[in-house]
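Participant: Take these sequences, add in the hints, and give me the full structure.
Number of protein chains: 2
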Amino acid sequence: MTPSRQGPGRQERARLRREEIITVAGEMFARGGFRGTSLADVAARAGITEPGLLHHFGSKAGLLLAVIERRDLDSEAFALELLGMEPSGRLRALPEFARRNKQRAGLAKLFTVLVAESLEPGSPGHEHFVERYRAMRAIVADNIRSAQAAGVARPDIDPPAKATEILATLDGLQTQWLLDPDSVDIVAAVESYARTLEHDLACGLPHLT
Amino acid sequence: MTPSRQGPGRQERARLRREEIITVAGEMFARGGFRGTSLADVAARAGITEPGLLHHFGSKAGLLLAVIERRDLDSEAFALELLGMEPSGRLRALPEFARRNKQRAGLAKLFTVLVAESLEPGSPGHEHFVERYRAMRAIVADNIRSAQAAGVARPDIDPPAKATEILATLDGLQTQWLLDPDSVDIVAAVESYARTLEHDLACGLPHLT
DNA sequence: ACTCACCTACCGAGTACTAGGTAAGTGAAC
DNA sequence: GTTCACTTACCTAGTACTCGGTAGGTGAGT
Numbered sequence: 088m089t090p091s092r093q094g095p096g097r098q099e100r101a102r103l104r105r106e107e108i109i110t111v112a113g114e115m116f117a118r119g120g121f122r123g124t125s126l127a128d129v130a131a132r133a134g135i136t137e138p139g140l141l142h143h144f145g146s147k148a149g150l151l152l153a154v155i156e157r158r159d160l161d162s163e164a165f166a167l168e169l170l171g172m173e174p175s176g177r178l179r180a181l182p183e184f185a186r187r188n189k190q191r192a193g194l195a196k197l198f199t200v201l202v203a204e205s206l207e208p209g210s211p212g213h214e215h216f217v218e219r220y221r222a223m224r225a226i227v228a229d230n231i232r233s234a235q236a237a238g239v240a241r242p243d244i245d246p247p248a249k250a251t252e253i254l255a256t257l258d259g260l261q262t263q264w265l266l267d268p269d270s271v272d273i274v275a276a277v278e279s280y281a282r283t284l285e286h287d288l289a290c291g292l293p294h295l296t
Numbered sequence: 088m089t090p091s092r093q094g095p096g097r098q099e100r101a102r103l104r105r106e107e108i109i110t111v112a113g114e115m116f117a118r119g120g121f122r123g124t125s126l127a128d129v130a131a132r133a134g135i136t137e138p139g140l141l142h143h144f145g146s147k148a149g150l151l152l153a154v155i156e157r158r159d160l161d162s163e164a165f166a167l168e169l170l171g172m173e174p175s176g177r178l179r180a181l182p183e184f185a186r187r188n189k190q191r192a193g194l195a196k197l198f199t200v201l202v203a204e205s206l207e208p209g210s211p212g213h214e215h216f217v218e219r220y221r222a223m224r225a226i227v228a229d230n231i232r233s234a235q236a237a238g239v240a241r242p243d244i245d246p247p248a249k250a251t252e253i254l255a256t257l258d259g260l261q262t263q264w265l266l267d268p269d270s271v272d273i274v275a276a277v278e279s280y281a282r283t284l285e286h287d288l289a290c291g292l293p294h295l296t
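Just so you know, the protein sequences line up as chains L and U, in that order. For reference, each letter of the first sequence is one residue, going 88 to 296 in the working numbering. For reference, each letter of the second sequence is one residue, going 88 to 296 in the working numbering.
Just so you know, not all the hints are guaranteed correct.
The list treats identical chains as interchangeable, and a pair is accepted whether it falls inside one copy or across any two copies.
Straight-line distance between alpha carbons at most 20 Å, and here's what the computed SDA-like set of lysine to any residue pairs gives [to be verified]: (1) K147 <-> E137; (2) K189 <-> D267; (3) K147 <-> R105; (4) K189 <-> E207.
Think of the hints as simulated: they come from the structure by calculation, not from any bench.
Facilitator: Encoded structure:
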């Protein structure tokens, strides 16, 4: 009897388990923060022992990095989707982005909580988030520049400054929504902001055909 | 000999010590978060024992509330200052607010970290921050309404939505600055946003005298 | 005389992580 | 196509330490 009965084999099974653990850990970090969640908590929920966890991820920080990496893959997919659209439609995709995030409130909360926990230099995720924000600002700034080149945005706007501002608003809206979902409708808020932005970028422009 | 020589007396001395402890705890909560800071850390820095701390504040959560209360008093002072100005000048006071926050990066970081730690319902500061944001949105919305009444803001702006948006942007800018002060100049960013806002609120208005 | 700030000493329950083992699967030699 | 050395997944048990909080006392100030 060859032992390869039908199950996915050892390493494949281990990979699946790793994925499952990352999912669970992400949810728990979102609820309780990184510092507020213990390896024991994660292990219990994932149906594994603490040393079992550490076997896969090396350390608690390693687990955090795996969770962050997963989240990044997710949002990268969305970014690519965005870049596939023509520039004029990207603004209109913002509410779609909000709807998507609303479906995944856990991921959104995870991000907000982890950023706050990473403010202090030297914390496990600090460099990662610094780099990430720099990259995001650069991407948004490039988008603005191309909109200016296409003549659909005022040329007197400073792309980096506006990029910082846009990301800030989206983050801030998300935070207020996560804190108090009954008072803040994230989709409506982002839709409203998209209108603000449209007005802000174009108001005063000489009309085009 | 009446022992009231010149020292401030026992209760006064205790009050001063309380204040000192709150200051120290605020700094440490800002650096390491509430969960990431232990009573032992605070006690050591404040030159007191852990039970000494608990004598004053009852519990760790009590200490947190004292810290939050202190911060609120501080920002309330600024709010009153703002309300003393005529409405048209309030926008111009935003950069002043940023400069003030830059001086007190510790307090700003404290606020950002604590809000993130309070996202989850049931966490020690949750209700406090929910209430606080509701109040702040209401205040800003009122400001917008009065600007509309005075004819210096477009009447088609929805005050609550714009209020949420403004607070979001200011919070988000602060977060990016705290995370990466080398890349984000908070004062310049807020100045830039104040210009955006001015443009946003007034652009399209029929000119007044 | 009494209050109250603050201490020493301590507790039980976590904390991340390690040591060392077992058992199951894998790959090359034969 | 078995055999067998090797790797890998994961466990039990325990490390040294930190956590927030309590009990009960001391001693200065009022």
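Participant: Does each hint hold? Answer for all of them.
Facilitator: Do the hints match the structure? See the list:
1. K147 <-> E137: The answer is within: 10 Å in one copy meets 20 Å, while 28 Å across copies does not.
2. K189 <-> D267: within (13 Å within a copy, 27 Å between copies)
3. K147 <-> R105: Result: close within a single copy only, 14 Å intra versus 36 Å inter.
4. K189 <-> E207: between (28 Å within a copy, 16 Å between copies)
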